[in-house]
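Participant: Letter by letter, the chains look like this.
Number of protein chains: 2
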Amino acid sequence: MTAEIISIGDEILIGQTINTNAAWMGAELSRIGFEISRVTTIPDKRESILMALSEVTGRVEVVLITGGLGPTSDDITKYALCEFFNTTLVTNQEVLGMIELMFQRRNLPMNESNRKQAEVPESCRVLYNATGTAPGMWFEKGGTIFVSMPGVPLEMRYIMKEHVLPELRKRFRSSIIIHKNIMTYGTFEARLSEILEEFESQLPSNIKLAYLPSTGIIKLRLTGRGNNRRELANQIKDQVNKLYNIIPELIYGEDEETLEQAVSRILKQKCYTIAVAESCTGGMISHLITSVPGSSAFFKGSVVAYDNSIKTDLLGVKKETLNKYGAVSKETAIEMAQGALRLFNCDFSLATTGIAGPDGGTPEKPVGIVWIAVASKEKTESASFHFIHDRETNIWHFSFSALNMLRLRIIKT
Amino acid sequence: MTAEIISIGDEILIGQTINTNAAWMGAELSRIGFEISRVTTIPDKRESILMALSEVTGRVEVVLITGGLGPTSDDITKYALCEFFNTTLVTNQEVLGMIELMFQRRNLPMNESNRKQAEVPESCRVLYNATGTAPGMWFEKGGTIFVSMPGVPLEMRYIMKEHVLPELRKRFRSSIIIHKNIMTYGTFEARLSEILEEFESQLPSNIKLAYLPSTGIIKLRLTGRGNNRRELANQIKDQVNKLYNIIPELIYGEDEETLEQAVSRILKQKCYTIAVAESCTGGMISHLITSVPGSSAFFKGSVVAYDNSIKTDLLGVKKETLNKYGAVSKETAIEMAQGALRLFNCDFSLATTGIAGPDGGTPEKPVGIVWIAVASKEKTESASFHFIHDRETNIWHFSFSALNMLRLRIIKT
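Chains as they are written, first to last, in the numbering used here: chain A, 1 to 413; chain Z, 1 to 413.
Take the hints with a grain of salt, since some may be wrong.
No distinction is drawn between identical chains; accordingly, a pair holds when it is met within one copy or between any pair of copies.
[Unchecked claim] Below, a list of computed lysine to aspartate or glutamate pairs in the EDC-like style, where the Cα atoms sit at most 20 Å apart:
| no. | residue 1 | residue 2 |
| --- | --- | --- |
| 1 | LYS324 | ASP74 |
| 2 | LYS78 | GLU194 |
| 3 | LYS268 | ASP359 |
| 4 | LYS208 | ASP74 |
| 5 | LYS377 | GLU231 |
| 6 | LYS208 | GLU61 |
| 7 | LYS412 | ASP10 |
| 8 | LYS180 | GLU11 |
| 9 | LYS412 | GLU378 |
| 10 | LYS116 | GLU194 |
| 11 | LYS116 | ASP44 |
| 12 | LYS270 | GLU189 |
| 13 | LYS141 | ASP10 |
| 14 | LYS45 | GLU35 |
Derived by calculation from the structure, the hints in this document are not laboratory data.
Only chain A is shown next, with the shape it has when bound in the complex (with noise of 0.2 Å):
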């Protein structure tokens, strides 16, 4: 089974549009066990759409076409395809009445280009988009399976989502495929995979594990075949039980949640409310937490105090403490989250400093170190990270410990 992708539009080539499409698609049609063998990507030119057409025409079984089908005239994708599949194009009534209902509630005049969409060729099957004005269309030639969709990325995965991929999973019914994803967090991919050696060794030939690393977060994916869902799944379900034994500070959570999802969660299962105090993340820890819909339930609100004179006066840090260990330093951590305590008002507190770079190091102090403190009215931790990275990537590194010690402090209470 495998798939091939045709990604059509000049903005992809001259680097304007960074191509999300195919690695969407290449994912969702892996993940239904197709493999991808070459990712095409064309110019809107008549040309080049016909030749790409031929070209793959019977080395693959699924041929995915994504771009081209706007209502201004660079768009000619629709012509090439009937011209290549050897067919007319006629207006589909169902498709011109979702156009022109679209056009209604949004309370828009409707003109000639819009009418046009609703033009497809006369031998492909439709498939309706209620995201927008152009329908996918699906084509079959020479044992290979066509579907030319929008390029809009919202676009195309609704019609993926629809219509493609369900019919493709029922056409190229082959073995049953059980994805799973683990989120860890807490230690690099290298240290990761000795740790895991044992496990990856000990399993099932029919289980593959997977390592998706991104900025201190790494994703598991164990990938299981079969013949038998509910086996399958029991299956899988033992290996995650393993991997919670092996790894259990290290495992945030499940599926594609993110760290500061796994925070907001259980401070909510909880009932705890936080705040945060932010020197060299420069607010990053807050935006990420209120990103998660729903957390002004337990976000109380943080201060940022890039300058010294914020810390000590708002945040109670004291003068001496400043000029003894510096405003970079575990007692400076400490007293700037007991500050936030007492001041937000909540069951715990988060700080952080440190030095992003890329100026600002000293020997001692080099660019990259950071000291978190979590604090709570018991009592107060605090551990410093080392990185060395850039500014953009530090401060990402800085914010994701920072909310790892906070999550490894509450799951514990």
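Use these hints to put chain Z onto chain A, whose structure you have.
Facilitator: Just chain Z, lined up with the frame of chain A:
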């Protein structure tokens, strides 16, 4: 002058890695006058690589290839290149010396696979890589130039900038091309293109205008072609001056400057200090400001006042104001800004209060509404905006609107 790009890597095909390399190379190639006719992504497989290389030979002048040059067993590009160009691997002493030095500096032991990185196809020209262990390789065959580079973006960009782009510019000296970016914020693309309709129609035939929008920011790119560099530069300069006359308030910077960088630049020039009181933006504005190196020179800090008690207790918003007008109101935004000005003792302050969604909206105050205030000792100004996106995008737009309001205020002082 046409070029193609070949990206090698299973991780791209299955969507684990998004092909940002192809976008970057496409942009750089088109900047120096190349037309990119195709981007092909293929797996780390001998047959796929050989097939892609033979397909492209003679079809275009230049082929840029990335990926598959790492030290592990699935990296096979070098072997496929040897087969295709009918040559063998030899150890390059200069590359070996560079790798040894790299490991010495980092105090790491070298192993056999690191040493193998110094082996290069005998017939290629080696492009030294100061950022990693795999060098770039330059081949020529059948009228086509082939350049193979590592897939690590940092390393690919180094080799492109140091070796490939200068050499291509020398070899394919056609007409001179000058690009100039003008960065704008404050209106949407359709409206901006109306405002600039006359300007665009009066452009000399050798200068083109492109609109490159992303999250509220619209980059205007002027591309000029000519034979005399100085004349062309003057021509572009005239057009840029015209733009400044037509849309003075919308232009916040040039080249690739971000809005937060522009605000930082102006604050530094004018020696002003600022602070922020954030509600709905939840730390995003502070994060954007502190992402700019050196922001500690003007940024005193911020309060993220998510909970209403923080608005009253810390920022001094009156309880009556909250009761009478609500937390999302002009009056609250103004009092938040004035509170931050007092608390942080700075020259200007910025405050936001709004509803990012998905919940919390009412018919009077729908999701996407935001009130922004800018205060100084002299006066406090406020404005409201309404966006209709998801939570994440609304937070972006709220933050950019606020930064832009601050910018417009301080440039007038």
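Participant: Run every hint past the structure and note whether it holds.
Facilitator: A quick look at each hint next to the structure:
1. LYS324 to ASP74: neither (66 Å within a copy, 53 Å between copies)
2. LYS78 to GLU194: Neither: 52 Å inside a copy, 29 Å across copies.
3. LYS268 to ASP359: Intra 39 Å, inter 17 Å, cutoff 20 Å: inter-copy only.
4. LYS208 to ASP74: Between. Shortest inter-copy distance 17 Å satisfies the 20 Å Cα cut-off; intra-copy 45 Å does not.
5. LYS377 to GLU231: Neither: 48 Å inside a chain and 70 Å across chains, both beyond 20 Å.
6. LYS208 to GLU61: neither (25 Å within a copy, 42 Å between copies)
7. LYS412 to ASP10: Classified as neither; 54 Å inside a copy, 41 Å across copies.
8. LYS180 to GLU11: Classified as between: cross-chain Cα gap 18 Å, same-chain 35 Å, threshold 20 Å.
9. LYS412 to GLU378: For LYS412 and GLU378, the Cα distance is within 20 Å only inside one copy (13 Å; across copies 51 Å).
10. LYS116 to GLU194: neither (59 Å within a copy, 24 Å between copies)
11. LYS116 to ASP44: within (18 Å within a copy, 42 Å between copies)
12. LYS270 to GLU189: Close neither inside one copy (31 Å) nor across copies (46 Å); limit 20 Å.
13. LYS141 to ASP10: For LYS141 and ASP10, the Cα distance exceeds 20 Å both inside one copy (26 Å) and across copies (27 Å).
14. LYS45 to GLU35: between (28 Å within a copy, 13 Å between copies)
Checked against the numbered hints given earlier, this structure breaks hints 1, 2, 5, 6, 7, 10, 12, 13; the rest are met.
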